[in-house]
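Top to bottom, those sequences are chains C and G. Residues in the first sequence are numbered from 15 upward in steps of one, following this note's numbering. Residues in the second sequence are numbered from 26 upward in steps of one, following this note's numbering.
Just so you know, these hints were derived from the structure itself, not from any lab. Treat the hints with caution; some may be incorrect.
Straight-line Cα separation of at most 20 Å, SDA-like style, residue types lysine to any residue; simulated pairs [as the list claims (entries may be wrong)]:
{"hint": "1", "chain 1": "C", "residue 1": "Lys28", "chain 2": "C", "residue 2": "Tyr78"}
{"hint": "2", "chain 1": "C", "residue 1": "Lys23", "chain 2": "G", "residue 2": "Ser77"}
{"hint": "3", "chain 1": "G", "residue 1": "Lys67", "chain 2": "C", "residue 2": "Arg58"}
{"hint": "4", "chain 1": "C", "residue 1": "Lys84", "chain 2": "C", "residue 2": "Thr68"}
{"hint": "5", "chain 1": "G", "residue 1": "Lys81", "chain 2": "C", "residue 2": "Glu112"}
{"hint": "6", "chain 1": "G", "residue 1": "Lys96", "chain 2": "G", "residue 2": "Ser77"}
{"hint": "7", "chain 1": "C", "residue 1": "Lys28", "chain 2": "C", "residue 2": "Asp76"}
{"hint": "8", "chain 1": "G", "residue 1": "Lys67", "chain 2": "C", "residue 2": "Asp40"}
{"hint": "9", "chain 1": "G", "residue 1": "Lys67", "chain 2": "C", "residue 2": "Leu123"}
{"hint": "10", "chain 1": "C", "residue 1": "Lys71", "chain 2": "G", "residue 2": "Ile118"}
{"hint": "11", "chain 1": "G", "residue 1": "Lys67", "chain 2": "C", "residue 2": "Ala38"}
{"hint": "12", "chain 1": "G", "residue 1": "Lys67", "chain 2": "C", "residue 2": "Lys71"}
{"hint": "13", "chain 1": "G", "residue 1": "Lys81", "chain 2": "C", "residue 2": "Thr113"}
Since the structure is predicted, the reported quantities are computational estimates derived from the model, not experimental observations.
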Amino acid sequence: NAGVTQTPKFRVLKTGQSMTLLCAQDMNHEYMYWYRQDPGMGLRLIHYSVGEGTTAKGEVPDGYNVSRLKKQNFLLGLESAAPSQTSVYFCASSYSQETQYFGPGTRLLVL
Amino acid sequence: GESVGLHLPTLSVQEGDNSIINCAYSNSASDYFIWYKQESGKGPQFIIDIRSNMDKRQGQRVTVLLNKTVKHLSLQIAATQPGDSAVYFCAEIGNAGNMLTFGGGTRLMVKP
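Just chain C, same shape as in the assembly (with noise of 0.2 Å):
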């Protein structure tokens, strides 16, 4: 099993582009989400999934989206980056509420 996969792992935007990161799994998880991490901070979420289908914002979701087409799949998308999104992006993936499981991480700078 390749757990939790992210790509890419590193990208450079400028003001005003757009992106969108991907995250996969293996586990067969209902759950999927996306977390930021900011220096010396801990992890806020952005936006969750409990299911295919289906998507849900979390404490941080403004100038994000998220589509959740297939179960394994969880997109986050940046439609129009700002310098305040420069941050390492985590995905995250569980079988119930509660244990999640981490990808490598992406880091974004946004210039």
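With the hints as your guide, set chain G onto chain C.
Structure of chain G alone, referenced to chain C:
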């Protein structure tokens, strides 16, 4: 609002000593807690969890203690090793739609 936080941002211990990392939580309704370890450049890794109906749970070299009276959680690492150097996060099932809420993290540094 409800939050999960940590007392110390950095903890430095000698190799072979025991480490204790503390976490305070404010949501008295929380009933599930997890400790994660995050090494530099990697995603958080599950260490151990505990439910609110327990006071203590042990794993391999790690013990989690839960004091519901004072809403305090701790992670004890026995015989700390250089490989234990990382940032440790506590998390609770919180109030954001029953999603996990993470604390700010404590950095553990192990001196050889």
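Here is how each hint holds up against the structure:
{"no.": "1", "hint": "C:Lys28 - C:Tyr78", "verdict": "holds, 16 Å"}
{"no.": "2", "hint": "C:Lys23 - G:Ser77", "verdict": "violated, 37 Å"}
{"no.": "3", "hint": "G:Lys67 - C:Arg58", "verdict": "holds, 16 Å"}
{"no.": "4", "hint": "C:Lys84 - C:Thr68", "verdict": "holds, 10 Å"}
{"no.": "5", "hint": "G:Lys81 - C:Glu112", "verdict": "holds, 18 Å"}
{"no.": "6", "hint": "G:Lys96 - G:Ser77", "verdict": "holds, 10 Å"}
{"no.": "7", "hint": "C:Lys28 - C:Asp76", "verdict": "holds, 18 Å"}
{"no.": "8", "hint": "G:Lys67 - C:Asp40", "verdict": "holds, 19 Å"}
{"no.": "9", "hint": "G:Lys67 - C:Leu123", "verdict": "holds, 17 Å"}
{"no.": "10", "hint": "C:Lys71 - G:Ile118", "verdict": "holds, 16 Å"}
{"no.": "11", "hint": "G:Lys67 - C:Ala38", "verdict": "holds, 16 Å"}
{"no.": "12", "hint": "G:Lys67 - C:Lys71", "verdict": "violated, 25 Å"}
{"no.": "13", "hint": "G:Lys81 - C:Thr113", "verdict": "holds, 18 Å"}
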